[in-house]
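Participant: Below are the chains, spelled out letter by letter.
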Amino acid sequence: MIKAPCILNDVTRCIGCEECVAACKKINGLPQEDPPPRVGHSSDGLSATRWTSIVRRPGGVSVRKQCRHCLEPACVSVCPVGALQKTPEGPVIYDKSICMGCRYCMMACPYGIPHYQWNTVNPSIRKCILCYHKLKSGEIDTPACVTACPKEATTFGSRDEMLAEARRRLKAEPKKYIQHIWGEHEVGGTSVLYISNVDLGFLAWQDPKFLGTTALPGRTWSALRKVPYEFIGMAASMTAVWWIIDRRMRLEREGGDEPPAASEGGSDGGDEQ
Amino acid sequence: MTRRVRITKGILWLITGLAAAVTIIRFTRGLGTVTALSDTTPWGLWVGFDVMGGVALAAGGFVIGAIAHVFHRERYHHAVRPAILTALLGYAAVAVGLVYDLGLPWHIWHPIIFWNPHSPLFEVAWCVMTYLTILFLEFLPVFLERTRFQGLYRTLLRLQLPLIILGISVSTLHQSSLGTLLLIMPFRLHPLWYTPNLPELFFVSAICLGLVMVIFESSVTAWLYEREPRTRMLSGLAGFAAGGLAFYFAFRMLDLWHRGKLGLAFAGTFEANLFWFEMGLSTIVPLLLFLIPKVRRSHTGVFIASSLGVIGFLLNRVDASGLAQVWATRTHYFPMWTEFVISLGIVSLFALIYLFIQEHFPVEKEILDEEEKWRQRQLFVLPRFERLSEVWLGNEAFASRRVYSAAFVVALVLGLTLAPWQPLVEASPVERARGGDTLRVGFPIGTVSFPHADHVKRLGKKNCGICHHLHKPGDVGTPCSECHRDMYLPTRIFHHERHVAFLGGNEACGRCHPKGEPKAATAKKCSECHQKDMMAKNEVVTKFERPTAPGLRVAAHGICIHCHKQQAKDPRWKKPDLFRCATCHRTPVPQGEAVLEASLKSEG
Numbered sequence: 048m049i050k051a052p053c054i055l056n057d058v059t060r061c062i063g064c065e066e067c068v069a070a071c072k073k074i075n076g077l078p079q080e081d082p083p084p085r086v087g088h089s090s091d092g093l094s095a096t097r098w099t100s101i102v103r104r105p106g107g108v109s110v111r112k113q114c115r116h117c118l119e120p121a122c123v124s125v126c127p128v129g130a131l132q133k134t135p136e137g138p139v140i141y142d143k144s145i146c147m148g149c150r151y152c153m154m155a156c157p158y159g160i161p162h163y164q165w166n167t168v169n170p171s172i173r174k175c176i177l178c179y180h181k182l183k184s185g186e187i188d189t190p191a192c193v194t195a196c197p198k199e200a201t202t203f204g205s206r207d208e209m210l211a212e213a214r215r216r217l218k219a220e221p222k223k224y225i226q227h228i229w230g231e232h233e234v235g236g237t238s239v240l241y242i243s244n245v246d247l248g249f250l251a252w253q254d255p256k257f258l259g260t261t262a263l264p265g266r267t268w269s270a271l272r273k274v275p276y277e278f279i280g281m282a283a284s285m286t287a288v289w290w291i292i293d294r295r296m297r298l299e300r301e302g303g304d305e306p307p308a309a310s311e312g313g314s315d316g317g318d319e320q
Numbered sequence: 072m073t074r075r076v077r078i079t080k081g082i083l084w085l086i087t088g089l090a091a092a093v094t095i096i097r098f099t100r101g102l103g104t105v106t107a108l109s110d111t112t113p114w115g116l117w118v119g120f121d122v123m124g125g126v127a128l129a130a131g132g133f134v135i136g137a138i139a140h141v142f143h144r145e146r147y148h149h150a151v152r153p154a155i156l157t158a159l160l161g162y163a164a165v166a167v168g169l170v171y172d173l174g175l176p177w178h179i180w181h182p183i184i185f186w187n188p189h190s191p192l193f194e195v196a197w198c199v200m201t202y203l204t205i206l207f208l209e210f211l212p213v214f215l216e217r218t219r220f221q222g223l224y225r226t227l228l229r230l231q232l233p234l235i236i237l238g239i240s241v242s243t244l245h246q247s248s249l250g251t252l253l254l255i256m257p258f259r260l261h262p263l264w265y266t267p268n269l270p271e272l273f274f275v276s277a278i279c280l281g282l283v284m285v286i287f288e289s290s291v292t293a294w295l296y297e298r299e300p301r302t303r304m305l306s307g308l309a310g311f312a313a314g315g316l317a318f319y320f321a322f323r324m325l326d327l328w329h330r331g332k333l334g335l336a337f338a339g340t341f342e343a344n345l346f347w348f349e350m351g352l353s354t355i356v357p358l359l360l361f362l363i364p365k366v367r368r369s370h371t372g373v374f375i376a377s378s379l380g381v382i383g384f385l386l387n388r389v390d391a392s393g394l395a396q397v398w399a400t401r402t403h404y405f406p407m408w409t410e411f412v413i414s415l416g417i418v419s420l421f422a423l424i425y426l427f428i429q430e431h432f433p434v435e436k437e438i439l440d441e442e443e444k445w446r447q448r449q450l451f452v453l454p455r456f457e458r459l460s461e462v463w464l465g466n467e468a469f470a471s472r473r474v475y476s477a478a479f480v481v482a483l484v485l486g487l488t489l490a491p492w493q494p495l496v497e498a499s500p501v502e503r504a505r506g507g508d509t510l511r512v513g514f515p516i517g518t519v520s521f522p523h524a525d526h527v528k529r530l531g532k533k534n535c536g537i538c539h540h541l542h543k544p545g546d547v548g549t550p551c552s553e554c555h556r557d558m559y560l561p562t563r564i565f566h567h568e569r570h571v572a573f574l575g576g577n578e579a580c581g582r583c584h585p586k587g588e589p590k591a592a593t594a595k596k597c598s599e600c601h602q603k604d605m606m607a608k609n610e611v612v613t614k615f616e617r618p619t620a621p622g623l624r625v626a627a628h629g630i631c632i633h634c635h636k637q638q639a640k641d642p643r644w645k646k647p648d649l650f651r652c653a654t655c656h657r658t659p660v661p662q663g664e665a666v667l668e669a670s671l672k673s674e675g
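Chains as they are written, first to last, in my numbering: chain A, 48 to 320; chain B, 72 to 675.
The reader is advised that the hints may include incorrect statements.
What the hints assert, rightly or not - Take a look, some chain B residues computed to stay more than 12 angstroms from chain A by CB distance:
1. Thr218
2. Val241
3. Glu297
4. His633
Unchecked claim - Result set (SDA-like, lysine to any residue): computed pairs, CA atoms no more than 25 angstroms apart in a straight line:
5. B:Lys586 with A:Lys133
6. A:Lys198 with B:His584
7. B:Lys332 with A:Gly265
8. B:Lys590 with A:Gly76
9. A:Lys143 with B:Pro494
10. B:Lys590 with A:Ile187
11. A:Lys133 with B:Phe322
12. A:Lys256 with B:Gly334
13. A:Lys73 with B:Lys595
14. A:Lys256 with B:Leu327
15. B:Lys332 with A:Trp268
16. A:Lys256 with B:Asp326
17. B:Lys586 with A:Ile62
18. A:Lys273 with B:Phe322
19. B:Lys596 with A:Ile62
20. A:Lys273 with B:Lys595
21. B:Lys596 with A:Thr194
22. B:Lys586 with A:Gly265
23. B:Lys590 with A:Thr189
24. A:Lys256 with B:Leu394
25. A:Lys273 with B:Arg368
26. A:Lys181 with A:Val168
27. B:Lys332 with A:Gly248
28. A:Lys273 with B:Phe318
29. B:Lys586 with A:Ala283
30. A:Lys256 with B:Arg401
31. B:Lys596 with A:Pro197
Calculated from the structure, these hints are not laboratory results.
Note that the coordinates shown come from a computational prediction; the quantities given were computed from them, not determined experimentally.
Cβ atoms here follow ideal geometry from the backbone N, Cα and C, with glycine treated the same way.
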């Protein structure tokens with residue numbers, strides 16, 4: 048299996064035939080007919096039985112949506128038990144035997160990719176795994192969706208190759224494309240890239256343009272890495288406060304010396320902590 | 072036992088019974104049946120209220136522990152045991168709530184062996200487990216006080232202070248980590264709530280909520296057991312709460328101002344209103360009330376102020392984990408009644424346990440002594456029917472227990488009858504029309520009743536083609552959904568999967584595609600096989616101009632409105648009603664999302 052596998056979607060080439068959807072369903076053993084959607088289902092067509100979908104946009108534009116396999120995935124960083132894993136090669140995969148079903152990954156994903164099997168008592172998270180197991184075993188060379196595409200609107204290769212290819216196309220036909228590669232820097236970079244003639248900000252809950260290009264896991268980690276110090280600091284300061292007040296009260300009770308100077312620790316102002 | 076306690080317990084048992092019914096459905100039919108959760112709103116009431124709110128509600132345990140033991144405020148020692156009991160039961164309730172909310176609750180112990188220290192939820196899980204143990208050890212002396220295990224009792228009392236300090240430290244961590252939890256969602260959470268200071272804000276608000284909760288709970292127990300409230304202690308706590316609330320208010324406003332988002336609070340949007348409603352309930356009104364010395368000293372005053380505070384801070388947790396994300400997901404999640412029943416049922420169950428422990432163990436000595444006296448008066452006698460006066464005679468405790476059982480059983484049966492057994496789905500857009508009946512389109516939301524038989528009668532069977540406009544002009548049995556597979560999105564008319572299945576898998580590719588060219592462009596034309604189906608007998612559609620069928624909504628509008636418009640205008644008919652949306656749409660259609668609207672526009 049190649050290192051850092053990556054998919055490049057060229058929106059201008061996509062005709063919206065949904066062959067990729069059919070191929071994805073077939074290789075992953077998903078039912079061909081989607082069950083009736085729940086109230087409040089996502090409008091992009093993705094569901095627990097449809098891991099890639101075509102989003103129709105004004106002007107006959109078709110945009111394929113699927114898991115981005117982020118370089119620093121938010122879903123992997125928030126999973127409390129590590130049921131979602133970023134493989135050394137790159138795809139983000141899921142292990143049901145570990146999952147608790149907390150659905151934090153679904154909340155954390157900026158693109159709304161993980162979906163849930165709501166109508167069963169034994170549910171799993173379902174999402175594109177970039178055909179990881181079949182690619183790894185050598186059964187196939189390219190993900191099923193890429194193989195199925197009749198227009199080469201979606202192509203597969205290593206991330207560097209795909210970035211180079213995207214730049215080549217942007218340069219070759221500068222008028223046709225918006226000069227931007229979606230996924231190069233968004234949320235720290237993703238393994239599914241897009242080039243397009245329309246703006247693709249709609250693919251995320253909010254346009255990533257306004258939220259910068261830093262990876263999401265850094266936002267929680269900056270708070271989490273302080274945890275050990277907070278614990279020790281809190282325990283130490285509480286013990287200190289107790290000791291100071293206790294000593295002062297003991298001295299007062301003995302009625303001997305004047306209370307020591309550090310007596311403010313027990314004043315009313317300290318009730319915040 | 073007072074009358075108030077008995078009535079309250081009866082109500083609590085009633086709710087618990089309802090919840091028991093929903094519990095059965097939850098664990099036999101899955102989350103989808105009893106919740107309105109969906110892929111766009113995977114966290115709902117149970118996370119917002121039971122977990123986020125529950126943990127914050129239980130913060131009273133560590134706050135009072137700190138005030139009474141660490142800061143040596145002896146006056147508040149009375150509040151320590153009830154506060155720790157609330158915390159212990161509160162965290163147990165959080166764990167129970169999680170069992171309901173987790174998709175795979177039998178894996179709830181997994182964080183013990185599967186570690187991911189990068190996850191805020193992992194940190195919370197560990198802290199909650201640790202703190203539950205600490206709280207149990209803190210509270211164990213109450214169970215042991217009047218038993219023969221005096222050695223263990225004294226050892227635990229000696230450990231009280233280290234345990235309390237450990238509890239404070241662990242609480243600091245997970246109360247703030249619940250804020251960290253939301254830091255990963257800048258894409259979902261509205262900027263009025265999203266701030267890098269969420270952990271600190273959550274910690275401060277947990278302290279405030281802990282304080283108002285202790286006040287609330289103390290005044291409620293006093294009312295229930297008809298005791299004099301400890302006004303002096305309560306007004307002191309109210310003073311602390313006022314300090315905390317003022318600090319929280321200043322912190323939140325400064326944070327907004329510093330991030331330059333203060334303007335959003337005055338933008339008049341749903342979020343801005345929600346923000347002020349939340350701040351008013353949780354902070355501004357209780358703070359103003361607590362600042363008035365007369366209110367602080369009155370039982371009713373502190374009760375009202377503290378209950379507002381409790382509701383307000385719970386709303387804060389619900390906002391942050393759900394309501395303040397609607398602007399991003401644009402879906403309108405409203406909990407099903409079964410979700411409310413489970414949330415209230417867990418609270419009721421643990422309130423009953425709370426009352427039981429209050430009545431049987433020395434949490435607040437006055438309540439226990441009163442109950443013991445009462446119990447000594449009541450010998451256990453089986454009830455018997457007194458024929459002369461035609462009443463049942465027996466002891467009061469037994470009689471009330473019968474009422475509780477009856478309430479529970481009645482509620483259980485009622486719940487099982489009312490509760491849904493099928494998941495909430497946006498069911499297949501169209502129901503098949505069987506002869507003379509009425510089609511229901513878009514059930515259950517935006518239901519449109521289409522009087523099929525009526526149309527057949529008026530237009531005559533020969534004119535099926537006016538509406539059934541596709542490749543099957545004579546066919547009346549095909550559901551619209553066969554081609555319009557999605558209610559909202561356009562779908563491709565050509566159903567590749569179905570052709571593959573029908574013609575026999577990969578073997579049959581050659582029947583449509585030239586060898587080695589599995590592309591749509593070079594495949595056989597539809598008419599080469601389906602000439603008979605595509606006969607152009609009707610005038611409406613004779614050829615395929617687009618490879619995709621519009622979504623059902625667009626298609627239906629296109630066909631129906633076109634015809635209705637003409638009928639409405641026709642002077643012979645004079646029926647303007649025909650062209651009113653409400654003529655067909657009896658219930659409002661849910662708000663469309665941007666993508667849908669765009670696709671509709673593109674359809675024209």
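Participant: Now look at each hint and say whether the structure bears it out.
Facilitator: These are the hints, each one checked on the structure:
1. Every Cβ of chain A is farther than 12 angstroms from the Cβ of threonine 218 (chain B); the closest lies at roughly 29 angstroms, confirming the non-interface assignment.
2. Remark: the non-interface label on valine 241 (chain B) conflicts with the geometry, its nearest Cβ contact in chain A lying 7 angstroms away (cut-off 12 angstroms).
3. Glutamate 297 (chain B), annotated as away from the interface, keeps every beta carbon of chain A farther than 12 angstroms; the closest lies near 31 angstroms.
4. For histidine 633 (chain B), the requirement that its beta carbon stay farther than 12 angstroms from each beta carbon of chain A is met, with the minimum near 22 angstroms.
5. Pair hint lysine 586 (chain B) plus lysine 133 (chain A) does not hold up; C-alpha atoms about 40 angstroms apart against a cutoff of 25 angstroms.
6. The hinted pair formed by lysine 198 (chain A) and histidine 584 (chain B) meets the criterion: a straight-line CA distance of about 16 angstroms does not exceed 25 angstroms.
7. With a C-alpha separation of about 22 angstroms, the suggested pairing of lysine 332 (chain B) with glycine 265 (chain A) holds against the 25 angstroms cut-off.
8. Straight-line distance between C-alpha atoms of lysine 590 (chain B) and glycine 76 (chain A) comes to about 23 angstroms, which keeps the hinted pair within the 25 angstroms bound.
9. With a C-alpha separation of about 23 angstroms, the suggested pairing of lysine 143 (chain A) with proline 494 (chain B) holds against the 25 angstroms cut-off.
10. For the suggested pair lysine 590 (chain B) and isoleucine 187 (chain A), the alpha carbons sit about 20 angstroms apart, so the restraint of at most 25 angstroms is met.
11. Simply put, lysine 133 (chain A) and phenylalanine 322 (chain B) have alpha-carbon atoms about 38 angstroms apart, too far for the 25 angstroms limit, and the pair is violated.
12. With a CA separation close to 21 angstroms, the supplied pair lysine 256 (chain A) and glycine 334 (chain B) stays within the 25 angstroms bound.
13. The suggested pairing of lysine 73 (chain A) with lysine 595 (chain B) holds, with an alpha-carbon distance near 23 angstroms, which does not exceed 25 angstroms.
14. The suggested pairing of lysine 256 (chain A) with leucine 327 (chain B) holds, with an alpha-carbon distance near 21 angstroms, which does not exceed 25 angstroms.
15. The hinted pair formed by lysine 332 (chain B) and tryptophan 268 (chain A) meets the criterion: a straight-line CA distance of about 24 angstroms does not exceed 25 angstroms.
16. Distance check on the hinted pair: lysine 256 (chain A) and aspartate 326 (chain B) sit about 23 angstroms apart at the alpha-carbon level, within 25 angstroms; holds.
17. Proposed proximity of lysine 586 (chain B) and isoleucine 62 (chain A) is supported: the alpha carbons are some 22 angstroms apart, at most 25 angstroms.
18. Our distance criterion of 25 angstroms between C-alpha atoms is met by lysine 273 (chain A) and phenylalanine 322 (chain B), whose separation comes to about 20 angstroms.
19. Taking the CA atoms of lysine 596 (chain B) and isoleucine 62 (chain A), the gap is near 18 angstroms; set against the 25 angstroms cutoff, the hint holds.
20. Proposed proximity of lysine 273 (chain A) and lysine 595 (chain B) is contradicted: the alpha carbons are some 65 angstroms apart, above 25 angstroms.
21. Taking the CA atoms of lysine 596 (chain B) and threonine 194 (chain A), the gap is about 23 angstroms. The hint holds against a cut of 25 angstroms.
22. A threshold of 25 angstroms between alpha carbons decides the hint, and for lysine 586 (chain B) with glycine 265 (chain A) the separation of about 52 angstroms lies outside it, so the pair is violated.
23. The hinted pair formed by lysine 590 (chain B) and threonine 189 (chain A) meets the criterion: a straight-line CA distance of about 18 angstroms does not exceed 25 angstroms.
24. Distance restraint check for lysine 256 (chain A) and leucine 394 (chain B): the Cα-Cα separation of roughly 24 angstroms lies within the 25 angstroms cut-off, and the hinted pair is therefore satisfied.
25. The hinted pair formed by lysine 273 (chain A) and arginine 368 (chain B) fails the criterion: a straight-line CA distance of about 41 angstroms is larger than 25 angstroms.
26. Between lysine 181 (chain A) and valine 168 (chain A) the CA atoms are separated by roughly 28 angstroms; this puts the pair beyond 25 angstroms, and the hint is violated.
27. With a C-alpha separation of about 22 angstroms, the suggested pair lysine 332 (chain B) and glycine 248 (chain A) falls inside the 25 angstroms cut-off, and the hint holds.
28. Note on lysine 273 (chain A) and phenylalanine 318 (chain B): the hinted pairing holds, with a Cα-Cα distance of about 23 angstroms set against a maximum of 25 angstroms.
29. For the hint pairing lysine 586 (chain B) with alanine 283 (chain A), the CA-to-CA distance comes to about 78 angstroms; that exceeds 25 angstroms, so the pair is violated.
30. Using a Cα cut-off of 25 angstroms, the hinted pair lysine 256 (chain A) and arginine 401 (chain B) holds, with the two alpha carbons roughly 19 angstroms apart.
31. For the proposed pair lysine 596 (chain B) and proline 197 (chain A), the alpha carbon gap of about 17 angstroms is at most 25 angstroms, so the pair holds.
Checked against the numbered hints given earlier, this structure breaks hints 2, 5, 11, 20, 22, 25, 26, 29; the rest are met.
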